[in-house]
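Participant: Line by line, the protein sequences are chains A and B.
Each residue of the first sequence is one higher than the last, beginning at 1 in our numbering.
Each residue of the second sequence is one higher than the last, beginning at 382 in our numbering.
These are computed hints drawn from the structure, not numbers from a lab.
Where is the CB? At the ideal position from N, CA and C, for every residue including glycine.
Any given hint might turn out to be false.
[Claimed, not checked] Where chain B lies over chain A, by a calculated footprint (3+ residues, C-beta under 8 Å):
(1) 65 to 79
(2) 133 to 146
(3) 159 to 172
(4) 203 to 216
(5) 228 to 239
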Amino acid sequence: MQWAPIGSEPLPPPLPPTRVDFTGNRSEFRKLVTKGAMLELVTFGFYRFWLVTDIRRHLWANTAVDGDAAEYTGRAKELLVGFLFALAILVPIYLAYFLIGIEFERWQGFASTPLFISFYAFGQFAIFRARRYRLTRTVWRGVRFWMDGSGWAYSFRAMAWGLLVFLTLGLALPWREASLERYKMQHTHYGDLSGDFEGDGWTFFKRGWWLWLLSPIAMVIFPLAPFFYAEFKAREWRWWLDGIRIGGVSLSSELPHDAFYGLYWKVIGWWMLLSIIFAAYLGGATMLVVKLSGLPVEQVFGPDNTAKSIPMLVMMVIGYFAVALAVNIIMRVYLQRDLWAKVLETVEVHNIGAAADVRGSGELASALGEGFADGLDVAGF
Amino acid sequence: MSELSTEVPAQSAKPTIFFDGVSSRRREVSLALGDALDIVEEGGAPVRWTYADIRRADSPAGILRLASTSAPPLARLEIRDAALAANVTARCMRLDEHQTSRRGVAKIVGWSVAAAVSIVCVVLFGVPLAADRLAPLVPKPIERRIGDASEVQVKTIFGRKACEDPAGKAAFTKLVNRLRDAAGLDDDAMTAGVLPTSVPNAFALPGGKVFLLQGLLDKAESPDELAGILAHELGHLKHHDNMRGLIYNGGTSFLIGLLFGDVTGSSAVIFASRSVVEASYSREAETAADTFAIEIMHALGRSPKPSAELMFRITGKEGGSGFTILASHPLTEDRLARMTREDRPASGPPLLTDTEWQALKGICGSGKI
């Protein structure tokens, strides 16, 4: 789950709650991610560090709490360096994993499979450290957020709870989330204010247990699945926002349970449209190749025709890249920007006066965590 | 708001806010634009920013947010009045010096392309070279360990133990030994066995292990058919193809993963490019092993053609389906054509007597599995 940049400035008596405003221009964001996705393509993905930084800068800078906008001070170079360092550490680990795996396999076939779990644990560590990086780059009113706590302690908790969730077929999920979020928030600080998380698993469970019960139906009747997922996510977000505390400041949200239906269906609609276009494109490309080569279909794709199937392969690759580009843009516009805006418009900040005069503190964290998260494919926003 | 516009330009109706970077206190200030930018808070100590030090910070539309390189790093001045903002902007010559410019982006693109080209070159030339050079150097014990590990896996998949019928085993050992001597494989740790499964295949594992699956044995009609295939597997051992493949696959998937940005390698691009690259590599290895098999069979005075016929009986004609560029083996019909060209009348003694051949066919008992 992601955190939202939050700030608040409370005053002791019960003042009316303040709102969070998102003022980002949608078409500006769309242009940003379109340009970024194209550059990502021509740079073989290396541009992702710059793109993700630009996205965060846009979202943060346009999010204003109590009239003052936040700011993201992270830079792409930090991410690049973090990624390279993470690689330097991950490569020997992969090698060791390989060698230990061999010893395990000698002892018993496929005995090394559980070793894979250690990568999951490492991924949890990376998630925690990546959050720390993002948080220390989040500034509001000239004071940064920061984090202490241990990535490994978090990873241990995540693993233990994960086992419990596995054993209870998912029923323990609310308590897992509550516990992990408590750990994260209790180690979160804004200047000299400390965070806390007051949501509890039971509340979340009561809001979502029937979804858990009905989830097998969604597996059978496919079109129901997005509704279920949207329903679950909305309830999760709302529960999470309601639980957040920083010093005396608290958040609450009136996010409706059906808030995400539209978003998910729009993404699915785009996805289907793209699939149809891609299929049509492939069909057209095949016909074109067949026509141009003047050979029957079997022969074009047949043996001894490697050279002739190359144009087809190239067309496929181009088509694939175009689809990947489009999907990239769609996901970012709907599932990052629109979701962000939708959630923020429901948030209320209470007692913001408590953050009116906070002393800055906390050190900047390195981007190594983000590098690990990138290398292990667990990166978030 | 202060009406005491003591100094130069007019202060506007929209407030100018200053955060000193030490506390989150929101200070309404007025600005004086002289030799440097003076930030004056009523009742507070004035702050002075040199124009050359002032940089733009991210802000929502309609607000000019400034930082200064000589102030605390998080100190921010927010100007909301457009006229005043323009006035300040005009005086700060190095306002946007730190932003990524068009040239900066071009630089990123250039370096990425250079990195990609170098990775592609390493995949195409460096890794195969490294694999060829390193594979023979891998110490035997390590190779054997990897072989042991894969043997355990293979036996988990194909179940049970190797077939143990004594007469059949003797015949099999004789056949393998003749091939091994002809191949000049001095590895005395070489082991071979027949596994009781209906899958028609044979394979070699690192550390000199050759496995024949019963399905293939059942389909074989003469010792020569089997011998050619076993010789092909010995070719893989002789060329260290397992270790080469291991180094090669590990190297390419890591590098291609690096290129597309996830080390674990899960996306479709990685899968696709890997299969093309690796298939061509393994096709080369297969062709080399075929060459080796042909040499051995000739050395033993037998024809390699029957083994290709056996393969053809199992796979049928392969061409005409899918993308041949992705195939890991040469097409069976091509191999058959090649072995047919190498067909020579038998000049050496049969590899097994009829009795031995019958014993070998019955190595797994009644043949029912």
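Participant: Which numbered conditions among the earlier hints are violated in the structure presented, ordered from lowest to highest?
Facilitator: Per hint list: 3, 4, 5 violated.
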